[in-house]
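Line by line, the protein sequences give chains A and B. Each residue of the first sequence is one higher than the one before, starting from 22 at the first, in this note's numbering. Each residue of the second sequence is one higher than the one before, starting from 22 at the first, in this note's numbering.
Simulated from the structure, these hints should not be mistaken for lab results. Worth double-checking, as some hints may not be accurate.
Note that identical chains are pooled: a pair holds if it fits in a single copy or bridges any two copies.
[What the hints assert, rightly or not] Heads up, simulated DSBU-like pairs for lysine-lysine below, C-alpha to C-alpha not over 30 Å straight-line:
(1) 25 with 179
(2) 239 with 52
(3) 52 with 190
(4) 190 with 32
(5) 239 with 32
(6) 186 with 29
(7) 52 with 233
(8) 37 with 166
(9) 32 with 233
(10) 43 with 233
(11) 157 with 25
(12) 239 with 37
(13) 38 with 166
(14) 93 with 239
(15) 25 with 186
(16) 166 with 32
(17) 32 with 93
(18) 190 with 29
(19) 239 with 29
(20) 93 with 166
(21) 52 with 25
(22) 43 with 29
(23) 43 with 239
(24) 190 with 93
2 protein chains.
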Amino acid sequence: MLSKNDIKNIKSLEQKKFRTEKGLFIAEGHKTVLELIGKFSCTLLAATQDWLDGHKNIQAERIEAVTADELKRASLLQNPQDVLAVFRIPKNDINLADTALNNLVLALDDVQDPGNLGTIIRLADWFGIKDVFCSKGTADIYNPKAVQATMGALARVKVHYTDLKQSIKELPDNVPVYGTFLEGEIIYDARLSANGVIIMGNEGNGITPEIKQSVTHKLYIPNWPQGAPTSESLNVAIATAIVCSEFRRR
Amino acid sequence: MLSKNDIKNIKSLEQKKFRTEKGLFIAEGHKTVLELIGKFSCTLLAATQDWLDGHKNIQAERIEAVTADELKRASLLQNPQDVLAVFRIPKNDINLADTALNNLVLALDDVQDPGNLGTIIRLADWFGIKDVFCSKGTADIYNPKAVQATMGALARVKVHYTDLKQSIKELPDNVPVYGTFLEGEIIYDARLSANGVIIMGNEGNGITPEIKQSVTHKLYIPNWPQGAPTSESLNVAIATAIVCSEFRRR
């Protein structure tokens, strides 16, 4: 059973202020919870008795059987599922330069929408990108909407918040930095390396000018047929997907 | 000025029932409204005086200058922008078989999320796909969230609702039908034609079995490295983007 206070505490995790203060985040739904439960430390798991009966080996600091009605009161979703869990936010402390020397990494420069962010983490997982570095202005990956959109990919992709401008500036010369620009080289023909940083910018404003200066390879996803009247741009998660697919196609 | 009744009517367009009954939909924001205004018949345009002063040539059956406060009351957005408009839902009456004989078209088989749907229309526009056919179970493109996510691409991409199972069954033999499946051919190596139907399925369940039988070319977007543990699947809009990009790369 969940107390009134439990429900209040869970609900508070919708707000970044309380997530930061408590170092906790919430995940909901069968698939997401099962993906995360071995990877993050779980302080509270609340599920229907049916669900618990089907998952007897599940481990958490505290496990509560709840009714559908209790779950509804605690849930941040419109249609709550059978289970929700509260996890500890991990401390991921690695350096962009070290990581990008031997791996392909994504860097998000003020991506605003939690749904876009979560979708990007999910596709990063698909394309074997293990680390995503975010500017401090990027949406919070522990926002419940972002967690939901990752569909459990957060279990495999590490998300780091950093002073992105500074981190990019400190990259050694042998780390290529990619970004998409209207004046870039057509991505289908470009030489793409197996390591480096792919920068994706804000939904409205793209990549910030200071970071743009550090981009060593400007890429362009051409529309079709080229020159035809079309949308101004692609959604940031869509553009990220096409760029990652091209890197991995080679 | 907007009357109480005006605001009630605008708000009602959040619900499909009233959109269908009235044959109207709502679009908000500078960019989206400007894209749509020449292409759809506009029954009401409500904007701040500043916005109207900057757009003197705009034409609509009725134009109202409104205060930010009025706009806020009429808007379906959390952060309303300077302008909203009500448009007539057009009648797009074309046939899948005829269109797919000479063009590449998308067919959506019960895509549920309005945001995914809108994002797909936006990327279809980018990749020069002029017609998107939707099963009756697909989200409504005139849902305000879907309209918003198209970012104006609805001005160039026609969306048709149809009995998709029947339409697919009636396709002539010389129209290729593509779909993505885990057991498909790796898309990067597959032969892709310049016409045909690309089917994208429901977020949870994929392509319905009946339609799957009509797929002539099964494709697969490989994860990287192949065989590594990863997410179960890609978001449907992300998968659509990668498929469309591959078709247009050739």
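Legend entry - Ascending list of hint numbers which this structure does not respect: Structure breaks hints 1, 3, 4, 5, 6, 9, 10, 11, 12, 14, 15, 18, 19, 23, 24.
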